[in-house]
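**Q** Which chain is which? The protein sequence lines are R and F, in order. Here the first sequence is numbered in full-length UniProt numbering, starting from 1 and rising by one per residue. Here the second sequence is numbered in full-length UniProt numbering, starting from 1 and rising by one per residue.
Careful, some of the hints might be misleading.
[To be verified] Straight-line Cα separation of at most 25 Å, DSS-like style, residue types lysine-lysine; simulated pairs:
1. F:Lys-85 - R:Lys-110
2. F:Lys-154 - F:Lys-60
3. R:Lys-110 - R:Lys-121
4. R:Lys-110 - F:Lys-100
5. F:Lys-157 - F:Lys-85
6. F:Lys-60 - F:Lys-99
[Said to hold, decoys possible] Heads up, incomplete: computed chain R residues facing chain F, CB under 7 Å, no partners named:
7. Thr-108
8. Phe-148
9. Leu-151
10. Lys-164
11. Ser-165
12. Val-174
13. Ile-194
[Unchecked claim] What the simulated footprint calls covered on chain F by chain R, stretch by stretch (three residues with Cβ under 8 Å from a Cβ of chain R suffice, anywhere in the stretch; the number is not a length):
14. 52-65
15. 81-88
Hint data in this document are derived by calculation from the structure and do not stem from the laboratory. A virtual CB, placed ideally from N, CA and C, is assigned to each residue, including glycine.
Read off the chains here:
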Amino acid sequence: MSPHPLHSSSGVSDMDEMAATHAHAHAHAHAARAQVVVLPSARPSSPPRASIPVSSSAYAPPQTAAAKLPFSAAVSAPTSASGSITVAIASSGLGPEPSTLTEPVWDTVKRDLARIVSNLKLVVFPNPFREDPGKALRDWDLWGPFFFIVLLGLILSWSATAKKSQVFAVAFAVLAAGAIVLTLNVLLLGGNIIFFQSLSLLGYCLFPLDVGALICMLKDSVILKMVVVTVTLAWSSWAAYPLMSAAVNPKRKALALYPVFLMYISVACLIIAID
Amino acid sequence: MDQRQVVSENYANPITCFFHVLFKAGALAFYILFSLFVKSFVIIFVITVLLAALDFWVVKNVSGRILVGLRWWNEIDDDGNSVWKFECLDGESLARMNKKDSWLFWWTLYLTAAAWIVLGIFSLIRLEADYLLVVGVCLSLSIANIVGFTKCNKDAKKNIQTFAQNALASRVTSSLQSAFGVI
């Protein structure tokens, strides 16, 4: 009985090493080999967080290797002798487990920042996923939208000579509630959309308008304001178009898109009017 | 933080506990004190909401996994469906978690949400819609963390039961049975 489990465990390790060798460079293979060394102390747990290759390809290899560990650990744990279990228990407190639960805080920060930058690029600039926005923003987050809404509110309140508080509150409320209402509008039209993903995309689309508002705050020329706001408004609308159009039935596309453009036009009017 | 209610056990991660509480207390303190003495709504809003967002991130990504061994997030699979992901340490590691850390973690989560609800009621009574906006944002962040970690905790308990059943089914030795007795 005992030789068979050992053989299957060894087979799993060999598969891991071969997959690592084929799929990645020497450095990643070395990292995977190190993780294989840590294998006896690994514990069964849910797979670590997966990211889309575009956003963080550097993290994919260790996570892929880590995803295989729970199965081999589960295979080896029940059939090991008590001595092995004792060793595993003793060593588990020493080495870090390959999981997001035990990663350093700095790694978490870097991953989140990289994701925000990646999402911004995917939404505001041309990208290969433009025709399928659901795939482009699979790793959604709300940090970017939150930052852009607060930034726009701050810019508008700084530009205002009176009633700064009201300007800020109105800007924030219009943008936050507007994104929620727009998403609910698509859902009510029978569209196939994910609530938070839509909020995330609409928030990232504010980036051009933020830039436009910043330029308008620095320059007092009315003509320049009109040009800048028109360009950034078109840019934001262009960025928001794919998700909203892809989410609903083609016959109802206008009903889904009109409120989006209306919200961005309202923001543009706010930017122009406040001086 | 220095008070020791249980002599036999102390906090295992005092620094993490400190930061877990710091941003919560900071957001509440700034909101209450500044709304009483400073009348600039923009400053109150930005500082309070940023502290609340910082607290949300720290609890979700750092103190949650250090104090109670849990982590949660949401992502979208290849079919375009929204999937909730929960991650937890295995049964033995969860059993070794410090009870005071866990106690502090859950109680501060609930107390913070309760505090924001009370402050929201005050804003409602005084008909201050703008301050209600601050409370709404902070309360949303608090409730999101409570819901996420509650689901994660339930998922962790299922994993512990599965792990225990598998271990018992494999007829472990007496020393391992003693280890599970500790759990």
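**Q** Each hint should be assessed against the structure and marked as holding or not.
**A** Cross-check of the supplied hints:
no. : hint                  : in the structure
1   : F:Lys-85 - R:Lys-110  : holds (20 Å)
2   : F:Lys-154 - F:Lys-60  : holds (16 Å)
3   : R:Lys-110 - R:Lys-121 : holds (17 Å)
4   : R:Lys-110 - F:Lys-100 : violated (30 Å)
5   : F:Lys-157 - F:Lys-85  : holds (15 Å)
6   : F:Lys-60 - F:Lys-99   : holds (19 Å)
7   : Thr-108               : holds (5 Å)
8   : Phe-148               : violated (13 Å)
9   : Leu-151               : violated (10 Å)
10  : Lys-164               : holds (6 Å)
11  : Ser-165               : holds (4 Å)
12  : Val-174               : violated (11 Å)
13  : Ile-194               : holds (5 Å)
14  : 52-65                 : holds (count 5)
15  : 81-88                 : holds (count 6)
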